[in-house]
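There are 2 protein chains.
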Amino acid sequence: MSSGTVHRSVRLMRRPAPGLITPDVFEIAEGPVPEPGEGEFRVRIAFVSLDPAMRGWVNEARSYVPPVAIGAVMRGYAVGIVEASRHPGFEPGDAVQGLFGVQSHAISKGERVVRVDTGLAPLERWLGGLGMPGWTAYFGLLEVGQPKAGETVVVSAASGAVGSIVGQIARIKGCRAVGIAGGPEKCRYVVETLGFDACVDHKAGDLATDLKAACPNGIDVNFENVGGDVLDTVLMQMNPFGRIAVCGLISAYTATSLPPGPKNLRAVLTQRLRMQGLIVFDWEKRFPEAIAALGQWHKEGRLAIREDLREGGLAAFPEVLNLLYTGGNHGKLVLRV
Amino acid sequence: MSSGTVHRSVRLMRRPAPGLITPDVFEIAEGPVPEPGEGEFRVRIAFVSLDPAMRGWVNEARSYVPPVAIGAVMRGYAVGIVEASRHPGFEPGDAVQGLFGVQSHAISKGERVVRVDTGLAPLERWLGGLGMPGWTAYFGLLEVGQPKAGETVVVSAASGAVGSIVGQIARIKGCRAVGIAGGPEKCRYVVETLGFDACVDHKAGDLATDLKAACPNGIDVNFENVGGDVLDTVLMQMNPFGRIAVCGLISAYTATSLPPGPKNLRAVLTQRLRMQGLIVFDWEKRFPEAIAALGQWHKEGRLAIREDLREGGLAAFPEVLNLLYTGGNHGKLVLRV
Numbered sequence: 001m002s003s004g005t006v007h008r009s010v011r012l013m014r015r016p017a018p019g020l021i022t023p024d025v026f027e028i029a030e031g032p033v034p035e036p037g038e039g040e041f042r043v044r045i046a047f048v049s050l051d052p053a054m055r056g057w058v059n060e061a062r063s064y065v066p067p068v069a070i071g072a073v074m075r076g077y078a079v080g081i082v083e084a085s086r087h088p089g090f091e092p093g094d095a096v097q098g099l100f101g102v103q104s105h106a107i108s109k110g111e112r113v114v115r116v117d118t119g120l121a122p123l124e125r126w127l128g129g130l131g132m133p134g135w136t137a138y139f140g141l142l143e144v145g146q147p148k149a150g151e152t153v154v155v156s157a158a159s160g161a162v163g164s165i166v167g168q169i170a171r172i173k174g175c176r177a178v179g180i181a182g183g184p185e186k187c188r189y190v191v192e193t194l195g196f197d198a199c200v201d202h203k204a205g206d207l208a209t210d211l212k213a214a215c216p217n218g219i220d221v222n223f224e225n226v227g228g229d230v231l232d233t234v235l236m237q238m239n240p241f242g243r244i245a246v247c248g249l250i251s252a253y254t255a256t257s258l259p260p261g262p263k264n265l266r267a268v269l270t271q272r273l274r275m276q277g278l279i280v281f282d283w284e285k286r287f288p289e290a291i292a293a294l295g296q297w298h299k300e301g302r303l304a305i306r307e308d309l310r311e312g313g314l315a316a317f318p319e320v321l322n323l324l325y326t327g328g329n330h331g332k333l334v335l336r337v
Numbered sequence: 001m002s003s004g005t006v007h008r009s010v011r012l013m014r015r016p017a018p019g020l021i022t023p024d025v026f027e028i029a030e031g032p033v034p035e036p037g038e039g040e041f042r043v044r045i046a047f048v049s050l051d052p053a054m055r056g057w058v059n060e061a062r063s064y065v066p067p068v069a070i071g072a073v074m075r076g077y078a079v080g081i082v083e084a085s086r087h088p089g090f091e092p093g094d095a096v097q098g099l100f101g102v103q104s105h106a107i108s109k110g111e112r113v114v115r116v117d118t119g120l121a122p123l124e125r126w127l128g129g130l131g132m133p134g135w136t137a138y139f140g141l142l143e144v145g146q147p148k149a150g151e152t153v154v155v156s157a158a159s160g161a162v163g164s165i166v167g168q169i170a171r172i173k174g175c176r177a178v179g180i181a182g183g184p185e186k187c188r189y190v191v192e193t194l195g196f197d198a199c200v201d202h203k204a205g206d207l208a209t210d211l212k213a214a215c216p217n218g219i220d221v222n223f224e225n226v227g228g229d230v231l232d233t234v235l236m237q238m239n240p241f242g243r244i245a246v247c248g249l250i251s252a253y254t255a256t257s258l259p260p261g262p263k264n265l266r267a268v269l270t271q272r273l274r275m276q277g278l279i280v281f282d283w284e285k286r287f288p289e290a291i292a293a294l295g296q297w298h299k300e301g302r303l304a305i306r307e308d309l310r311e312g313g314l315a316a317f318p319e320v321l322n323l324l325y326t327g328g329n330h331g332k333l334v335l336r337v
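Line by line, the protein sequences give chains E and Z.
So the first sequence is residues 1 to 337, counted in this note's numbering.
So the second sequence is residues 1 to 337, counted in this note's numbering.
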C-alpha cells in the first residue's frame with residue numbers, strides 16, 4: 001500500500017507516568033483509509049500541532065475536556081486538504097483546520113472546522129499565529145488581560161506559539177511588552193524579530209532584578225504560560241489592580257509530583273489582582289474576529305509568525321512533543337505528517 | 001490623674017519576628033490628653049477592633065497601606081464619643097467610627113470617619129457586622145463574588161467577623177451558604193445561629209470529603225479568608241467560571257516562613273476561575289450603601305451579629321490580638337478600652 005492508501009494514527013496506549021512522555025505511551029496503528037459517510041468529509045492531514053495542553057489531555061485528572069481514552073487516536077489540532085466529501089459545505093481541495101487528531105487522515109462532520117486561506121499564509125501557519133495559539137493570545141490578552149495603552153504587559157514563554165503573539169498584540173495596542181524566555185537565543189529573537197521592548201532570560205542572572213529593570217513602572221498585565229517560580233517573581237512586581245491571564249502552567253505539566261503553588265499569592269490580596277484562567281474554546285463564536293484581526297496584522301507586516309517545523313512523521317510524535325516541556329522548541333511546534 | 005485625663009496609647013516598638021506577636025512588640029505610652037486644633041475634634045474611644053490585617057500592618061513588607069512606623073500609635077479601627085470639637089461637622093456626644101488607632105483618645109479631622117447610629121445597634125457592633133467587617137463582606141461577596149440565586153457559596157473562617165456576614169448575605173441573596181470553621185462549637189454556631197445551610201469542621205474528618213458532601217453541586221463562589229490547605233481543597237471543587245474573592249490569607253500571616261501556595265492552582269486554568277483580591281477601602285465611596293443594607297437586614301432580624309467582647313483594656317491588646325491567629329476568638333473580636 002502506498003502512504004496515500006494506508007491510514008496511520010497515533011493511539012494512546014496507557015496513561016503516562018508523571019514526567020516526560022515515554023515512547024511506550026503511544027503506538028502507531030495502521031489500517032485502511034476510512035470513507036466518509038453521509039454528511040461527512042475526509043481530510044488528508046498535512047501538519048499536526050504540538051501543544052502544551054496535550055500533556056494534560058492524556059492524564060486521567062479532571063480538566064476542561066475529558067481525557068483521551070486508552071486506545072483512541074491522540075487528540076490534536078491539524079491542518080490538511082479535503083480529499084473526499086459527502087458534506088454540503090466542504091469540497092475536495094478545501095484547506096481546513098480542526099481538531100482532527102494525530103493521524104494521516106480524518107473523517108469529520110465539519111464541527112468546529114475552520115476553512116483557512118492558503119493565499120494569506122501557508123498551511124502550517126494556521127496551526128500557529130493564525131490558528132489556535134493566535135486566537136488564544138488574542139482573546140486571552142484582550143479579554144482577560146484588558147491592557148490599556150501605556151501599560152506594561154509581561155509574557156512568559158515569550159518565544160513560544162502563544163507568547164510570541166501576545167507580546168506583539170500588546171505592542172500593537174500601545175503597551176510596553178516584556179518577555180520572559182529561557183536562554184540568550186530566544187531572548188534575542190523575542191526582541192529583534194518579534195519587536196518586544198525587552199526580554200528577560202530566566203536562566204541567567206536574577207529574574208527578580210532583571211524583571212524589575214525591564215519593567216521600571218511595574219507590571220499591569222501578566223500573560224502566564226509557565227507558573228512556578230516565574231509566576232512567583234512576577235506576582236511581587238504587579239501593580240495594584242493588575243490582571244493575570246492564566247493560559248498555561250507548563251512548569252507543572254511534567255512535574256513528577258504537584259509542585260508548590262505561588263508563595264506570593266498574598267500579592268493577589270494586597271494589590272487587588274485579578275487572576276483568571278482562560279481556555280480559547282470559550283470564545284469559539286468569536287474565532288472569525290480573531291482570524292480577521294490576526295490575518296490583517298500579519299498581512300501588514302506587524303505580526304511576525306514563526307513555526308518550528310519538524311520532520312519525522314507520526315513516529316516522531318512523542319519525542320517532538322517532549323520538546324515543549326524541556327524548552328527545546330523555538331516558536332510554534334508543528335510536525336509534518 | 002484620673003483615666004479621663006491621661007492619654008494612653010499602644011505604640012509599636014519594634015517589627016515583630018515571624019509568628020505570633022510577642023508582648024515586647026508593643027508598649028503603652030502615657031501623656032496628657034491632646035486638645036483638638038482648628039478643624040479637629042477629639043474622640044474618647046470606647047472600643048477598638050482587632051482585625052487579622054493588623055499582623056500585616058506591623059510588618060515592613062509591601063502591602064496596600066504603609067507599615068505602622070516604629071514608635072507610632074498602632075493603627076486600628078475604633079468607636080467612641082466625640083467629647084471636644086473645633087470641627088464644624090462633629091459635636092460633643094456624636095458616636096463615631098474611624099481609623100482612630102489603638103488608644104484612649106484620638107484627634108481627628110473627620111477624614112473617613114463614619115457617624116454611627118447607636119439607636120440601631122450598640123456602639124461595639126459598628127466595629128463588627130455593621131462596620132468594616134460587614135462592609136468587607138458586603139462588597140467582597142456581591143461585587144467580587146457576584147453570586148447568583150441558586151449558586152453555592154463557600155466561606156472559610158465562617159464564624160469570624162467577615163465570614164459570618166458573608167454567609168448570611170449569601171442566604172439573603174438566595175444562595176446555598178456553606179461555612180468552613182474550626183471545631184464543633186463554631187460549626188454549630190454557624191448553622192444554628194447564623195443559619196448557614198451547612199458548616200464543615202476543618203479540624204475533623206477529611207475536609208475534601210466533608211466539603212463535597214456539603215456542596216453536592218460544586219462550588220460557584222468562594223470567599224477566602226484563610227488560604228493554605230483550605231484554599232487548596234476548595235480549588236478542587238470549584239465549578240467552571242467560579243469566582244474566588246480573596247479577602248484574607250490568615251493561615252499565612254503568622255507563619256514563620258512563607259508557606260507554600262495553592263498546589264491546585266491549575267484549577268484556575270482548567271475551570272476558568274476568577275480569583276480576585278479585595279480591600280474594602282476601594283469601595284469607600286459606597287460605604288453608606290453597605291451601612292444602609294446591613295442595618296436594614298439587621299433590623300429585620302435577618303442578619304445575626306455577635307461580638308467577642310474582651311475586657312482588660314489597652315494592656316491586653318497584644319494577647320487578645322493573637323487570638324485571631326490561633327482561632328481563639330468567637331465572632332468579631334473587640335477590646336473594651
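There's no promise every hint is true.
Copies of one chain are not kept apart here, so a pair can be met inside one copy or by any two copies together.
List of simulated lysine-lysine pairs, DSS-like, C-alpha gap at most 30 Å [what the hints assert, rightly or not]:
(1) LYS203 with LYS173
(2) LYS285 with LYS203
(3) LYS109 with LYS173
(4) LYS299 with LYS203
(5) LYS203 with LYS109
(6) LYS299 with LYS173
(7) LYS212 with LYS173
(8) LYS109 with LYS148
(9) LYS285 with LYS212
Simulated from the structure, these hints should not be mistaken for laboratory data.
Right, here's what the structure says about each hint:
1. Taking CA atoms no more than 30 Å apart as the test, LYS203 paired with LYS173 passes inside one copy only; the shortest distance there is 29 Å, against 50 Å between copies.
2. Proximity of LYS285 to LYS203 under the C-alpha cut-off of 30 Å is found in neither arrangement, the shortest distances being 39 Å within a copy and 46 Å between copies.
3. In the homo-oligomer, the alpha carbons of LYS109 and LYS173 never lie at most 30 Å apart, since the shortest distance is 38 Å inside one protomer and 44 Å across protomers.
4. Taking the closest pair of Cα atoms, LYS299 and LYS203 never come within 30 Å of each other, the shortest separation being 34 Å inside a single copy and 61 Å across copies.
5. Within a single copy, LYS203 and LYS109 get their C-alpha atoms no closer than 46 Å, and across copies no closer than 53 Å, so neither meets the 30 Å cut-off.
6. When the C-alpha separation of LYS299 and LYS173 is checked against a cutoff of 30 Å, the pair qualifies only within one copy, where the shortest distance is 17 Å, while the shortest distance between copies is 51 Å.
7. For a Cα distance limit of 30 Å, the shortest separation of LYS212 from LYS173 inside one copy, 22 Å, qualifies, whereas the shortest one across copies, 44 Å, does not.
8. For the identical chains of this complex, LYS109 and LYS148 are neighbours neither inside a copy (41 Å) nor across copies (37 Å), given an alpha-carbon limit of 30 Å.
9. Within a single copy, LYS285 and LYS212 get their C-alpha atoms no closer than 38 Å, and across copies no closer than 34 Å, so neither meets the 30 Å cut-off.
The structure is inconsistent with the numbered hints 2, 3, 4, 5, 8 and 9, although it conforms to all the rest.
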